[in-house]
Amino acid sequence: MKYISLSICLLMTVVTSGLWAQNTTEINGQVVELKEDGKKVPLTGASVYWLGTTKGSATDPDGNFKLKTIPQTDKLVISFVGFRSDTITASTSSGPILIALQSDETLEEVTVTHEQKSTTFSFTSSLKIEEVNEKELLKAACCNLSESFETLPSVDVSFTDAVTGVRQIQMLGLAGPYTQITRENMPNVRGLSANYGLTYTPGTWVDGMQLIKGVGSVVNGFESIAGQINVELRKPEEADALYFNSYVNEMGRMEGNLNLATDIKNTDWSTALLLHTSHMPFENDRNSDGFLDNTLYNDFIGLNRWKYIGANGLMAQFGVKFTNLSKTGGQVGFERGTEIDPMSPQNSLWGMESNTRRIEGWAKIGKVFIDMPWKSYGLQLAATAHQQDDVFGLRNYSGKQTSLYANFVYQSIFWNTNHKFKTGLSWMYDNYEEQLLTDSYDRVESVPGAFFEYTFEPSDKVSAVAGLRTDYHNLFGFFATPRAQIRYAPSLNTVFRVSGGRGQRTANLLAENRNLLASARNFVIESNSTDTPYGLDAEVAWNYGVNLTQYLTLLDREASLSVDFYRTDFQNQIVVDLDRNTQAVHFYNLEGESFSNSLQLQADWEILPRLDVRLAYRWLDVKTTYSEQLLEKPLVSEHRAFGNLAYATNKNWKFDVTLNWQGSRRLPDTRSNPEQYRLTERSPNFYTLNWQVSKAWGRTEIYLGMENALNFRQDNPILASAQPFSPFFDSTMVWGPIFGRNTYAGLRYRIGRD
Amino acid sequence: MKNIYKILLVAVAFLAISNVQAQTQKTVSEEVQVTGVCKMCKERIENAALEVKGVKMATWKPSTQKLKVYFNTKKTDLVKIQEGIAKVGHDTEAVKAKDEDYKQLPDCCLYRDGVEVH
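Here the protein sequences come in this chain order: Y and U. Going by our numbering, the first sequence opens with residue 54, and the numbers climb by one from there. Going by our numbering, the second sequence opens with residue 9, and the numbers climb by one from there.
If we strip away everything but chain Y, and leave its shape as in the complex, we get (with noise of 0.2 Å):
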C-alpha cells in the first residue's frame, strides 16, 4: 500500500431541502469525498463525533450520519482513514449538513477501502474443572493472579498497554471480562475491576484455583462467556499459623506478604489475617522510548476473615478487604500531579496516574443437616465499593462502583442421591458512576433471579447437569440462561465431556478499555438508545464445547492425555473498532458476525521419577465483524505452544523452566498514518523462557528465578513515543515482553499450625 500524502480541503456545505425532515435535538449529514470531476462519493465508516466527548457515530454506506446534539459543546469531529481529522460548527437550526472532502490530483492514487483481509482435570465432575493447588502457584513466584498464568496454557495473559504494565488474562481468546472470576465462588472481579482487578489478589493470598473453560454453573450467575475461575483464599481453619514471603527483582519491585491464622481458644471460630504490600521506586526505560518500563507504585492490600463451624452442621464466615493502589507512568520524570495545559501540552511530559481504593466485605452461613447430608441451605452476601481516578495524558477518567450481591442456594435430592439439586434465589445490584473528559455515565443495574440446577448420577460412568435461570434485569429486561454439561466415562482412565449454554453480560466499556487512554485514540460511542449503559446492548453470547481426556501408564508411570474445543457465538457484543480509524476507537453493538474457536492439546507426563513434563498446544479463530468486514481480533495470537519441565529432588530442591512460543498476532490498520507511525500488519512469533530454581530447608525455602531469559522485546512498543500528543501518539499496540531479562529472587518462611 502506497501512502500519498493529502492535502485535504474541507468545505462545508448547507443543504436547505425541504424533503429533509428537520429535528429540534438530532443533526444529520452527510460526509462525502469530493472528486476533482465534481462527483460526490459517499464515504462509508468515517468517524463524526463532538469534540472533546465520546458521543458520536460512524457514517452509513451511503455516507450519512444522524447525531443527537449535546449541551456542552456544538463542534462536531470528522476524521476518516487516509484524511486528516476536522472540525466543523454545526447546530439543529443549519439543517442536514454535507461535509464534503475535496482533494490535489493525487487523490485518485489513494485507497480508502479497508482491506479484506500443577494441574490436574476433575474425573467425576460433568464440567472439565483444571484444579490448580499451591504447587502449580509456586512455580511462578511473582507475584498477583495475573502473573500466576505463566505456567497454565488454558489461560493466556498479556500486556494491555505499554504505559500502565497492566496484564490481562484471556480465555478461549476472549478478553478478561468475558470470564467469570469467583472468589469462593461469589462474583469477585466484575464492573470497574473487571481488567484488573486479578492483580487485587497477591499469589501467596491463594489457596487453590479452580479453572473452567466454557459456561459454569447456573448457581453462580448468568456472566460467565468464556470460562469461570474460582479462587479459594487461604482458610482461617487450615492456613499456616504464619507464613511470610519476601519478593525482590532486578527492576527493583519489591514485595512482602505476611499471612497469619489462628483458631480462637474455646470456641469454634477461626481468623485469618493476609496482609500484602508492593513498591516499585525506580524509574526503568530500558528500550529509550523515553517511557517508563513499568509503573511506578504503592500498593496496599489487606484481608481479614472469620469462620465458625458448628457441631451441629452450621457454618458461618465473613470477611473484609481494603485495597490502596497508586500508580504513576508515562514519559521518564513525569511528577504526580502535575498539571498539563491543554493549549501547549507539547511542554510537558505525558503521565499516567492511576488511583484505586476499594472495599469488599462478605459473609456466608450454611447448614448442612447432619442427619440428612445432602441436604443444605446456604446464604452469600457480598458488597463492593470502589473508588477509580485516573489521568492519561490530557484525559481524566473517575468511576466509583456500588455492588450488592445476595444468593441463597437450597441443595437436596429427589428420590434419593442419584438425583440432586440445587435451587434458590439471587440478586444483583450495581451503581456505577463515571466520568471521562465532560461526559457522564451513571447507571443502576438490579437483577433478581431464580435458578434450578439438576443432576442426574445414575453411575460412576455417566452424569448429567441441567440448569435454568430467570433474570430480571432492570434495563434489559427478562431473560432465560440454560445450560447443560453431560459428563462420559467408558472407562476409569476415559472421560468424555460436552457443555452448553448462554452468558450475558453488560460491558463496563470504559472500564475494560481504560488502556486505550494511553493513546491518542478519540472514545466514539455508537449509542442507539438513552436508557441502556452507554446506549447500547447487552452482550450475548451461546458457548459449546467438548473434551475428551485420557488417562494412561507410560513406562510405570503416569500421563494424561486432553483435547478440548470451544466454540463461542455472540448474539451481540460490543465491538470495541480499532480498525476504522487509528485516531479513534469505536464502540457499537454488533451487526453481523462475531465468535470464536478454541482447540487445545496438553499431555502431562511424570517421565523420570519427580520429573514432570508437561506439553500444550492451542489454536484460536477469533474473528468480529468490524464495520461490515469479519477480521480477525486483533492482538490474539492464532497459535501458541508451551512446554514446562519440574523436578524436584529427594532433597527438597525443586526446578522448573517453562518454555513459551507465541504465534503471530493481526495489529490494528496503521495504514492511513504518516510512514514512520506505520506498523507491520501482523507481529512477529517470538519465543519466552522463564525459569525458578527453589530450595527450602525446614521452614525457609528461597528462590530465585528469571523471567523472559532469552531477552525477547517488543522493539518500540509506543508508536509516536517522541511526540505523546500528537494525534499518532499509541502505547496500546502491545503484542510482546517490554522488558527484557528479569531476574527475581525471594524468601518464604512459615510456621505450621499446631
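These aren't lab readings, by the way, just hints derived from the structure by calculation. Hints are supplied without guarantee of correctness; some may be wrong.
[Stated by the list, open to error] Quick list of the computed label-pair ranges, beta carbon to beta carbon:
| id | chain 1 | residue 1 | chain 2 | residue 2 | range |
| --- | --- | --- | --- | --- | --- |
| 1 | U | E101 | Y | I755 | 28 to 38 Å |
| 2 | Y | A798 | U | E51 | 45 to 55 Å |
| 3 | U | Q41 | Y | R806 | 51 to 61 Å |
| 4 | Y | N186 | U | T72 | 26 to 36 Å |
| 5 | Y | T455 | U | E51 | 31 to 41 Å |
| 6 | U | K61 | Y | E659 | 38 to 48 Å |
| 7 | Y | E184 | U | E38 | 45 to 55 Å |
[Said to hold, decoys possible] In silico EDC-like cross-links for lysine to aspartate or glutamate, where the CA-CA straight-line distance does not exceed 16 Å:
| id | chain 1 | residue 1 | chain 2 | residue 2 |
| --- | --- | --- | --- | --- |
| 8 | U | K74 | U | E38 |
| 9 | U | K76 | Y | D424 |
| 10 | U | K50 | U | D115 |
| 11 | U | K47 | Y | E290 |
| 12 | U | K74 | U | E51 |
| 13 | Y | K93 | Y | D115 |
| 14 | Y | K417 | Y | D293 |
| 15 | Y | K92 | Y | D127 |
| 16 | U | K88 | U | E38 |
| 17 | Y | K453 | Y | D492 |
| 18 | U | K88 | U | E59 |
| 19 | U | K34 | U | D85 |
| 20 | U | K50 | Y | D657 |
| 21 | Y | K318 | Y | E285 |
| 22 | U | K34 | Y | D424 |
| 23 | Y | K514 | U | E51 |
| 24 | U | K50 | Y | D513 |
We treat Cβ as the ideally placed atom computed from N, Cα and C, and that holds for glycine.
The hints should help you fit chain U onto chain Y, whose structure is shown.
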C-alpha cells in the same frame, strides 16, 4: 416484572413443599456389613441399595466393609435393602447372595474366592 414474580413464587413454593415433605418423611440412617473388594464393588453395592425404593443415600467403604444407608422407614426396611444388595452378588449381614448371583460378578470382585480388598 410479572414474570419475575411468578418465578419467585414458584421457587418459594418449591422450597416450602420440599421442606414440608422432609418433615413428614421418617428418614433414618443405619450401618450394615456388606462384603466386597474394590471400587467396582462399591459402585455396584451403592447402586443396588439406591435401586431399592425409599433409599436416599448409600455409602460403602471397602476398608470397613460397612454400608451406611439412609432410608425412609415408611417405604422400606433394612432387610429389603440387604435383599437388593444380595441380588447383585454381595453378601450382607442378614442376606447371603445366591451362588448364581455371585457368579455374575467379574473376576476382580470374587470375594469368596480369595480376592482381597484392593
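Where does the structure disagree with the numbered hints, that is, which hint numbers, in rising order? 1, 3, 5, 7, 11, 14, 15, 20, 21
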